[in-house]
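Chemist: Produce the entire structure from the sequences given, and follow the hints as far as they go.
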Amino acid sequence: MALVVRPVASRRDLREFIELPFRLHAGQERWVPPLRIERRLFLNPRFNAFFKDGEAQLFLARRDGRVVGRVSAQIDHAFNRYHANSWGMFGFLEVEEDAEAVRGLLDGASEWLRERGRDRMIGPVDFTINDEAGVLIEGFDREPFIKQPWHPPYYQRLCEECGLTKAMDLWMWELYIEDRSKIVPGIFEMAEKLEPEHGIRVRKMSRRRLRKELDLFGETYNEAWKDNWGFVPYTKETLDHYAQELQLVFDRHWFMVAERVDTGESVGVAITVPDINQVLKKMNGRLLPLGWWHFLRRGRIMDRVRVGFLGVKPEYQHTGVAAAFYVEHFDMAIKRPQKWGEMGWILETNDAMNRGMEGMGGRIVKKYRVYEREVGARPAAPRRVLGLPHAESVEGGLLRPESRLPPQ
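For what it's worth, the working numbering labels the leading residue of the sequence shown as 29, then goes sequentially.
You may find that some hints are simply not true.
[Unchecked claim] The calculated lysine-lysine pairs, modelled on DSS-like cross-linking and capped at a C-alpha distance of 27 angstroms, are:
1. Lys210 to Lys395
2. Lys264 to Lys80
3. Lys194 to Lys175
4. Lys363 to Lys175
5. Lys309 to Lys367
6. Lys367 to Lys395
7. Lys194 to Lys254
8. Lys310 to Lys232
9. Lys175 to Lys240
10. Lys80 to Lys310
11. Lys367 to Lys310
12. Lys210 to Lys232
13. Lys363 to Lys310
14. Lys80 to Lys254
15. Lys210 to Lys367
16. Lys175 to Lys310
17. Lys395 to Lys194
18. Lys254 to Lys363
19. Lys363 to Lys221
20. Lys264 to Lys240
21. Lys309 to Lys363
22. Lys395 to Lys175
Hint data in this document are derived by calculation from the structure and do not stem from the laboratory. For clarity, every value in this text was computed on a predicted model and none was experimentally measured.
Modeler: Set out below in structure tokens:
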């Protein structure tokens with residue numbers, strides 16, 4: 029049974045690319061199916077801001093005509109410019125328990141990147157580190173929250189058997205934010221001193237001004253996260269896209285900005301979102317026939333949150349802004365239906381944030397691993413059949429800003 033890896037180049041290919049995880053994970057209690065229409069838009073260069081400064085190629089692995097795996101290869105030019113490197117990325121990895129298929133997919137992605145001058149491949153990231161990232165290596169018994177992938181345990185084993193090595197682990201922390209007794213007392217003391225001693229206050233964002241509020245978020249994020257592993261700056265285009273996404277889950281009680289009282293300068297930001305995955309699971313990938321009903325009732329369904337971003341500009345990190353954000357989250361949990369959640373991901377190397385989570389009574393409940401390998405490096409293995417066309421044929425399915433995916 030020969031394995032063939034080829035680029036996505038037709039409407040049927042794209043449909044099979046989107047449908048594969050629905051088939052692979054059918055019956056898996058913890059997996060949350062995405063909305064199919066959202067996946068089509070996300071993969072479309074006309075609607076995803078990644079393609080303003082990036083390019084990608086989707087691949088399918090077939091065995092005797094049957095799809096057994098998928099992957100993407102992509103180049104984030106903004107990432108490479110910022111870090112002054114020549115890396116490529118892979119993402120959207122879904123595959124049967126088939127080592128040959130994983131090897132073929134990774135070799136196909138690696139070859140595509142090598143032909144475009146890349147010297148290292150990291151992933152999975154879908155398409156950037158700010159989207160779903162990593163292979164789940166701990167926490168298989170827990171449902172994924174919004175923008176978290178879920179994988180069965182064999183994914184880690186197959187990736188590592190195929191020569192991928194660890195680049196970075198990403199941690200998710202569980203917090204029961206209605207229980208103030210779990211907070212280290214010093215956090216309350218720091219929060220209380222924020223305005224009287226440092227002239228900084230915390231306010232909530234406005235839905236009406238959300239796009240302008242995200243400019244403040246982008247300014248703070250690009251300063252606070254700039255030294256973090258995998259960082260890529262937010263641009264106007266990515267913030268435009270992010271604003272559209274956040275409209276669906278916006279709850280002003282959980283969207284916070286810390287500002288200087290005298291100048292209005294934004295010095296910190298915290299964006300926490302009710303977990304729409306609780307609704308998506310009931311919708312089962314479709315708006316019809318009853319998916320829309322669950323979506324309209326989302327306020328009654330979502331009882332947990334994901335703290336996706338919490339950061340402070342470096343020159344203000346001594347003031348207690350983070351402590352004020354922590355306390356505000358606990359205060360909101362008293363008033364809102366959401367009483368617990370997860371925070372992250374947080375880099376395993378971010379000691380300050382991880383200590384902060386411990387100080388709030390949190391515990392690590394999930395770990396995701398981002399892998400790397402040198403492009404072109406292929407560990408010794410039994411020869412597989414790789415039906416990868418030459419470069420001029422691959423271009424036919426290349427996703428670029430001006431590209432149009434096959435009609436739906």
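Chemist: Against each hint, give a clear statement of whether it holds in the structure.
Modeler: Going down the list of hints, with the structure as the test:
{"no.": "1", "hint": "Lys210 to Lys395", "in the structure": "23 angstroms, holds"}
{"no.": "2", "hint": "Lys264 to Lys80", "in the structure": "11 angstroms, holds"}
{"no.": "3", "hint": "Lys194 to Lys175", "in the structure": "21 angstroms, holds"}
{"no.": "4", "hint": "Lys363 to Lys175", "in the structure": "25 angstroms, holds"}
{"no.": "5", "hint": "Lys309 to Lys367", "in the structure": "20 angstroms, holds"}
{"no.": "6", "hint": "Lys367 to Lys395", "in the structure": "22 angstroms, holds"}
{"no.": "7", "hint": "Lys194 to Lys254", "in the structure": "22 angstroms, holds"}
{"no.": "8", "hint": "Lys310 to Lys232", "in the structure": "30 angstroms, violated"}
{"no.": "9", "hint": "Lys175 to Lys240", "in the structure": "23 angstroms, holds"}
{"no.": "10", "hint": "Lys80 to Lys310", "in the structure": "33 angstroms, violated"}
{"no.": "11", "hint": "Lys367 to Lys310", "in the structure": "21 angstroms, holds"}
{"no.": "12", "hint": "Lys210 to Lys232", "in the structure": "24 angstroms, holds"}
{"no.": "13", "hint": "Lys363 to Lys310", "in the structure": "26 angstroms, holds"}
{"no.": "14", "hint": "Lys80 to Lys254", "in the structure": "21 angstroms, holds"}
{"no.": "15", "hint": "Lys210 to Lys367", "in the structure": "14 angstroms, holds"}
{"no.": "16", "hint": "Lys175 to Lys310", "in the structure": "17 angstroms, holds"}
{"no.": "17", "hint": "Lys395 to Lys194", "in the structure": "12 angstroms, holds"}
{"no.": "18", "hint": "Lys254 to Lys363", "in the structure": "34 angstroms, violated"}
{"no.": "19", "hint": "Lys363 to Lys221", "in the structure": "23 angstroms, holds"}
{"no.": "20", "hint": "Lys264 to Lys240", "in the structure": "11 angstroms, holds"}
{"no.": "21", "hint": "Lys309 to Lys363", "in the structure": "26 angstroms, holds"}
{"no.": "22", "hint": "Lys395 to Lys175", "in the structure": "14 angstroms, holds"}
The structure is inconsistent with the numbered hints 8, 10, 18, although it conforms to all the rest.
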